[in-house]
Amino acid sequence: GESVGLHLPTLSVQEGDNSIINCAYSNSASDYFIWYKQESGKGPQFIIDIRSNMDKRQGQRVTVLLNKTVKHLSLQIAATQPGDSAVYFCAEGGKAAGNKLTFGGGTRVLVKP
Amino acid sequence: EAGVAQSPRYKIIEKRQSVAFWCNPISGHATLYWYQQILGQGPKLLIQFQNNGVVDDSQLPKDRFSAERLKGVDSTLKIQPAKLEDSAVYLCASSPTKLAGGTDTQYFGPGTRLTVL
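Chains as they are written, first to last, in my numbering: chain C, 1 to 113; chain D, 1001 to 1117.
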């Protein structure tokens, strides 16, 4: 994909509000999708995943929505906290890609106190 | 359960020098991945191992990068000689044995930040 370089899309959100992070994926044959959170100086941390036979999956304070018609994935974070400040990556995978993950460019979330 | 371990955490070298990174995956995970993450971008897969065999190394610059997982557990990634554009974070990830045809969740280590001067 195209290089975003240092200019990551940034979402600023007030502490306590809900956050929605969007991701467009490219391969209509992808059947597995995953969100990672990456804090500065750390590796990506698994948040939640979803397979293509579902359109919604909920975790603790997080919900992933999958719209296969428009190849769109979103991550909703309820009651955003300062500890949620990080870069969030979506990734797609599946049999058509040899079960490899392809990552998107990332969105930076800044939580304002 | 211990996570994916990587060392060193940081490395600074001059161009044309060699460097090696080490990864110990989560116990019992058959699949191991090495990724390169350039600042501000998502991780890019370099190589994937299933036990001690290479599954995919299509994105590995084989003229200077090499990787091995001889006993199907630990893995090393080597760069020889390094170029300025190799400056990045090198991430190791592992996943359990694949379920019937599906893609497994990958768990990442903390990464090694390489600076090439």
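Fair warning: there could be bad hints in the mix.
Unchecked claim - Once the Cα atoms are required to be at most 20 Å apart in a straight line, the calculated EDC-like pairs of lysine to aspartate or glutamate come out as: (1) K1044(D) / D1056(D); (2) K95(C) / D1057(D); (3) K100(C) / D1057(D); (4) K95(C) / D1086(D); (5) K42(C) / D1086(D); (6) K1078(D) / E1068(D).
Please keep in mind that the hints were generated in silico from the structure rather than gathered at the bench.
Okay, the hints, checked on the actual structure:
| no. | hint | verdict |
| --- | --- | --- |
| 1 | K1044(D) / D1056(D) | holds, 13 Å |
| 2 | K95(C) / D1057(D) | holds, 17 Å |
| 3 | K100(C) / D1057(D) | holds, 11 Å |
| 4 | K95(C) / D1086(D) | violated, 30 Å |
| 5 | K42(C) / D1086(D) | holds, 19 Å |
| 6 | K1078(D) / E1068(D) | holds, 9 Å |
Checked against the numbered hints above, the structure violates only hint 4.
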